[in-house]
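In the order they appear, the protein sequences are chains R and H.
Be aware that the first sequence starts at 1, since it is given in the numbering used here, and climbs by one per residue.
Be aware that the second sequence starts at 1, since it is given in the numbering used here, and climbs by one per residue.
Errors might be hidden in some of the hints.
So, partial list: chain H residues that the calculated Cβ filter (under 10 Å) puts toward chain R [claimed, not checked]:
| hint | residue |
| --- | --- |
| 1 | C56 |
| 2 | I58 |
| 3 | I60 |
| 4 | R121 |
| 5 | S243 |
In case anyone wonders, no lab produced these hints; they're calculated from the structure.
Heads up, the beta-carbon is just placed ideally off N, CA and C, and yes, glycines get one too.
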Amino acid sequence: MEDLSLKEIKTFKDLEDEVVSSNKCCACGACVAYCEIQGFDTIEMEGYTPKFKSDKNAENCKECGLCFYICPQTEPLTDKLNKLYLIEDELGHIADVISAKTTNAKIKGVGQDGGIVSTILSYLFDSNQIDAAIVSEYDKNFQPIPTLIDNKVDLIKSAGTRYSISSNILPLKDLYAMAEKIIEEHSNVYDIDQLSLAFVGTPCQCRAISKMKLLNVKPAHVINYVFSLFCFENFDYAKLMEIIKSKTKIEPSQIKKAQIKKNMFITSKDGKTVEINIKDLDDAVRSHCNECDEFVGRFSDLSIGASGAPTGYSMIIMRSEKAQNLIDSVISEGLIEKYKIPAEQYSEWKPKKINWFRKMTALKTKK
Amino acid sequence: MVENSKSILVIGGGVAGIQAALDLGDMGINVHLVEKRPCIGGKMAQLDKTFPTLDCSICILAPKLSECYRHPNITLHTLSEVQKVEGSSGQFSVEIFKRARYVKEDVCTGCGDCATVCPVRGVKNYFDVDLMTQAAAYIPFPSAVPPAYLVDKESCVYLNYGICGLCIQACGAEAIDFTQTDTSLTLDNISSIIVAAGYSLIEDTVPLKKFGYKKYKNVISALEFERLICASGPLEGHLKRLSDGKEPKKIAFLQCVGSRDERNKDYCSSICCMYTTKEAMIAYEHDNNLETYVFYIDMRAGGKGFQKFLHRGEDEYNIKYIKSKIAQISVDNKGNPKLVYENYDTNKIEQLKVDLVVLATCIIPPEGIDELAISLGIELDENKFIKTNPFYPMETTREGIYVCGCVHEPMDIPRSVAEASSAAAKAAELVRGGEF
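Produce the entire structure from the sequences given, and follow the hints as far as they go.
Here you go:
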């Protein structure tokens with residue numbers, strides 16, 4: 001048998017050298033979430049940077065190597081992951097593609113495009129299929145706050161796109177604390193391992209979650225639904241707000257909605273909408289985005305985004321049987337409405353959309 | 001121990017195998033007890049209480065487990081299975097396949113620090129019928145014998161990727177040993193073999209979809225019910241529905257699920273009538289407001305005190321026995337099961353809405369029985385239980401190989417123990433008896 005004890009285990013120091021220092025870190029929060037849930041008291045997230053809490057804390061590092069393995073930007077597990085998710089090309093395994101929008105007026109009011117993610121999460125809460133979800137709320141200055149919510153009422157606060165980094169895996173570090181609360185309130189959950197969670201994140205974050213699920217490591221072992229959001233690029237919050245302020249004169253606290261459709265459109269709370277040329281945002285783009293080749297997010301049950309959809313709708317890519325069943329249920333319950341493809345476009349529609357995704361992915365990769 | 005003594009092999013570490021091993025060990029005979037699971041105890045260790053005395057199952061079993069472990073004449077081989085049997089009665093040679101535990105059995109103190117620090121979760125544990133999951137380093141239940149943890153080969157990150165090793169760091173006794181490998185061991189000088197391989201349940205092989213099992217959360221199997229009502233189980237004995245956590249007020253027990261059934265097994269599973277009454281009684285002890293309905297074809301209560309047990313159920317524990325055939329099981333939108341049945345006493349089609357349905361499922365031969373029978377060179381009957389002659393009920397079709405317990409045919413604990421002692425006596429003849 002191979003003497004595994006001699007194998008070099010890469011630790012957080014290697015993560016710092018290979019990922020953080022070389023600007024590859026996407027600030028997903030996976031490394032910190034894992035290390036903290038284990039109670040190792042070694043690393044933390046400072047802004048967008050995972051680092052040792054202190055020189056003393058650095059000595060706590062157990063050198064288990066898990067942080068390096070689950071990091072979405074490292075090589076280990078990528079082959080296995082590609083096999084598991086049936087990845088053959090840049091779009092990943094596609095079971096089906098549809099376009100749809102929510103039928104819920106309240107969600108429509110706060111949703112980004114089709115209001116799909118909020119609607120599906122609402123359904124999962126209602127039908128008792130999830131106990132909690134990881135979403136991104138935002139504070140009064142439009143800064144994303146990744147949050148673990150345990151009810152659908154809180155969903156309204158997390159609707160809409162946040163155009164800056166939201167370390168969505170980070171809240172999982174408090175899973176045990178939240179689990180105790182959930183177990184008390186949802187009496188059908190008798191053990192933390194029986195919890196069912198939905199995760200919403202960008203492709204890189206979904207890749208980290210998928211690596212964690214491949215190894216079945218805490219705290220991601222309770223995630224049963226992974227929703228990947230289409231992502232062309234993401235922004236540094238501070239830099240983005242500076243640019244928005246200077247180009248539109250709208251204060252962060254006055255932003256009602258931000259949308260990118262070729263260019264960026266900022267809608268203020270008093271109803272004003274101002275356009276910013278997408279090129280003007282380049283300085284705020286996070287460096288790791290420039291090396292990313294995932295547009296739709298291949299490591300997920302569902303990939304959702306507006307790109308390619310008619311106005312007011314979202315595109316939904318279903319990758320697993322679980323995803324197809326979920327969408328079927330949500331449609332049959334009348335919670336979302338499928339876009340009616342005009343009869344003459346019917347046979348062309350899906351290949352056209354898939355080609356569009358390929359184009360967008362190529363555009364992103366070229367950057 | 002007598003010089004040049006031959007040993008006896010007991011296959012299976014459930015209550016039957018344990019009893020046989022103890023009887024033989026006490027006779028001064030060397031015994032090898034082979035068990036495929038990481039620990040001995042079998043199904044009896046998973047039960048809450050036994051009928052008809054309502055004794056705590058593990059409480060009466062645990063002393064036997066310890067005795068087996070400590071006994072100077074008994075060698076315990078867990079995580080082991082019989083691969084090959086050569087030779088003949090009085091002179092068998094047996095090859096055992098032993099899976100690696102990755103933990104030094106005699107060093108592990110059972111502290112559980114490895115399980116606490118292990119990053120992997122979701123490992124299935126047979127003991128709680130998959131109602132609970134574990135870390136990759138785990139022990140099937142706290143009082144398991146041998147009192148040692150083990151590492152699950154498939155999910156361990158160290159064994160698969162060469163990273164982690166947190167358990168090695170955490171173990172104060174330095175008991176984690178990843179240099180262990182699966183091995184083969186040959187036992188010579190085996191004079192006789194006792195097969196006590198126990199049983200499986202029909203839900204392990206046949207999807208009971210028409211009963212709503214694994215489809216509706218409020219339809220569970222009897223073994224799952226045992227774990228849920230047991231104080232050492234996932235709910236710590238506070239019975240709740242798995243769908244919404246509510247305490248059931250009305251429970252329906254359905255008898256003969258998969259047994260006495262032309263489409264599945266046509267034999268009687270023997271113990272279900274008694275254990276269903278037992279389970280209903282235990283549930284009533286937990287909640288005096290409980291109403292229980294037992295849907296049966298015939299109530300089989302042949303043992304000593306058994307018939308009285310059933311009457312007690314009716315008189316003191318609010319159990320209603322309904323002679324019937326179930327036509328349909330469905331659930332409403334809140335997950336409450338609804339039964340439609342033909343009541344044989346009133347000759348009417350009736351309906352009943354309950355909170356929970358428990359299926360008394362059919363006992364079937366254990367997993368791997370075909371391979372075991374081939375290795376041992378013994379015949380199975382038409383239901384794949386071990387074939388015996390009714391006048392020599394402990395003997396298999398091969399001389400020197402004996403059988404006891406549920407692998408022989410479905411039977412309760414007292415009968416399994418009686419058969420075990422009987423098989424031990426027969427097997428001992430070859431060591432102690434006259435010429436052969």
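Going through the hints against the structure:
For C56 (chain H), the suggested interface contact is broken, since its CB lies about 21 Å from the closest CB of chain R, more than 10 Å. Using the Cβ-Cβ criterion of 10 Å, the hint placing I58 (chain H) at the interface with chain R is not satisfied: the shortest such distance is roughly 20 Å. Interface hint status for I60 (chain H): violated, as the beta-carbon distance to the closest one in chain R is roughly 27 Å, over 10 Å. The closest approach between the C-beta of R121 (chain H) and any C-beta of chain R is roughly 4 Å, which is under the 10 Å cut-off, so the hint is satisfied.
A hinted interface residue such as S243 (chain H) counts as satisfied when its beta carbon comes closer than 10 Å to some beta carbon of chain R; here the least separation is about 6 Å, so the hint holds.
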